[in-house]
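Enquirer: Quick one: dock chain against chain with the hints and give me the complex.
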Amino acid sequence: MVAASPLANEVLFHLGPVPFVRAVVTTWAIMAALTLVSWLGLRRAGVHAGTVQTVLEIVVEAIAKLVGEIIGRDSWPYLPFLGTLFIFLICANLAAVVPGLQPPTGHVETPAVLAALVFFSVHYFGIRSRGLLGYVRRYTQPNPLLLPLNVLSEVTRTFSLMVRLLGNIMSHELVIGIIVLLAGLLVPIPFMLLGIMIGIIQAYIFTVLAAVFIAAAVNSAEVE
Amino acid sequence: MTIEMLSIIGAVVAVSFGAIGPAFSEGRAIAAAMEAIARQPESAGPLSRTLFVGLAMIETMAIYCLVIALLLLFANPFVG
Chain A
1 MVAASPLANE VLFHLGPVPF VRAVVTTWAI MAALTLVSWL GLRRAGVHAG
51 TVQTVLEIVV EAIAKLVGEI IGRDSWPYLP FLGTLFIFLI CANLAAVVPG
101 LQPPTGHVET PAVLAALVFF SVHYFGIRSR GLLGYVRRYT QPNPLLLPLN
151 VLSEVTRTFS LMVRLLGNIM SHELVIGIIV LLAGLLVPIP FMLLGIMIGI
201 IQAYIFTVLA AVFIAAAVNS AEVE
Chain B
1 MTIEMLSIIG AVVAVSFGAI GPAFSEGRAI AAAMEAIARQ PESAGPLSRT
51 LFVGLAMIET MAIYCLVIAL LLLFANPFVG
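Chains as they are written, first to last, in my numbering: chain A, 1 to 224; chain B, 1 to 80.
I should point out that these hints are in silico values taken from the structure, not numbers from a laboratory.
Honestly, I wouldn't trust all of these hints.
Said to hold, decoys possible - Derived list of chain A stretches under chain B, where covered just means 3 residues or more per stretch with a C-beta under 8 Å from a C-beta of chain B:
hint	region
1	166–178
2	191–205
3	208–214
Quick reminder that beta carbons are idealized off the backbone N, C-alpha and C, glycines included.
Just chain B, with the same shape it has in the complex (with noise of 0.2 Å):
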């Protein structure tokens, strides 16, 4: 096993199972909206808004674990 066939493993665990929890967490935020709108359709504006910004700040985790990927595959310190 080289450096370089471990960096790839390493970066399909990160964004596979680093996918996992921001997908289960937006679920269950959009079910949460969703369920508010139907609830109350007048307030769909403020809450589509704070959905956006929630799922923005969920989504990151995946994405850090992207550049953590991307790092490993293109940027790694460990590969001359």
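Looking at chain A on its own, in the form it has when it is part of the complex (with noise of 0.2 Å):
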């Protein structure tokens, strides 16, 4: 028997009324970790770069080369969301590989999170670059008659784009917990090495998918 629900929260301790679950607890590290390796390879930024600078310079060409790619266009106005995106989500789906840290994605909330953040951002630069009757005006292509579906899909597909990423890492999760239960010392390896590969794939989809979206949203205006 699996002792605790998937779907219960861990709460690690109150401040006031306030109850801090494991998983925002991890996603603060994590963003610490960011902020501070960000911070720290560029606070003498130049032209001859250090290593850190490098590496994260690296990493920022290799996002913008993807993401431009899928959005056919400028991609560095869309950059700063989706490359931010991507490295999170890394870090949060190899969260599991440190030990005693829980990825964060394996619970409802941060998926959620992030699939509404994917939700408004798309229509948010959908109307920056064609206004908003034009964005509306997309519902309507190309019948007026499949309106209720347009909008009906984008409930849709932001609600999928969570479920796929919970699940996997939540799946992933249980998956491990069983193999444990079941086999004990060597045998959970290979699985936790093939979660490495589950974890960097979901992240690499959430980013391309939220950037076939946002590129659907930006772009359509040409291929009327």
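Expert: Right, dumping it as structure tokens:
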């Protein structure tokens, strides 16, 4: 029997009436680590880059290339959001590798918030690049009869974005737990390696899908 | 048969049968992508990206079944 429900949150400590769950604290730690590394790397940024700055530049260039291929236009306005999403998701999904940590994306709340961020940023970028009327007219394409379906697809694709990330990470945690319960010492290691791959692929897929949604919201003016 | 037993059976059925369709379709998608890459190795980059996105879409169906199963097991609305 699996002891604790994977849907339940483990409360670490209370600050007044506010409970702080493990996922939130892990998220804060990841945010602090990312901010610290970026700040340290770019504190004395220059043409003759140091080690950390070079690594950061390689990462940013790689993500910019990926996003640019999908969006098909100048990707720099969308890069801060998508790049941060990607790096945060990789760190969050791989938190399980560090002993004692749990990935915050394995609980409902963090993927829900990330999917909601993608949902709102799609509309924000769409309205900013095409104007309110032009953006709303997108929902009546190719036929006004499809308006309900287009609106429905906004909801379902956001929901599936959330459920995909949550389901993969949480189910993998469950699988590891079951295998540890069954087979003890060295057997879970290949599954943990598989978990690293799943974490990276899910971060990639989440980012690519967010980029695809943003590209669809921003670009369809040229298609018409 | 209590509600708990029925929920466990329901969860098992949901995951096992819900995994069949996505498994078949993912296999077909990967086979098609392999064929395309074998014919045109230079287009491997865009192909694999599209493949990943498509696989994610297909996989969502299996994940939905998993979520239903987990809801039945851990957050069942009919069990007090």
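Enquirer: Output the indices of the hints that this structure fails to meet, ascending.
Expert: none
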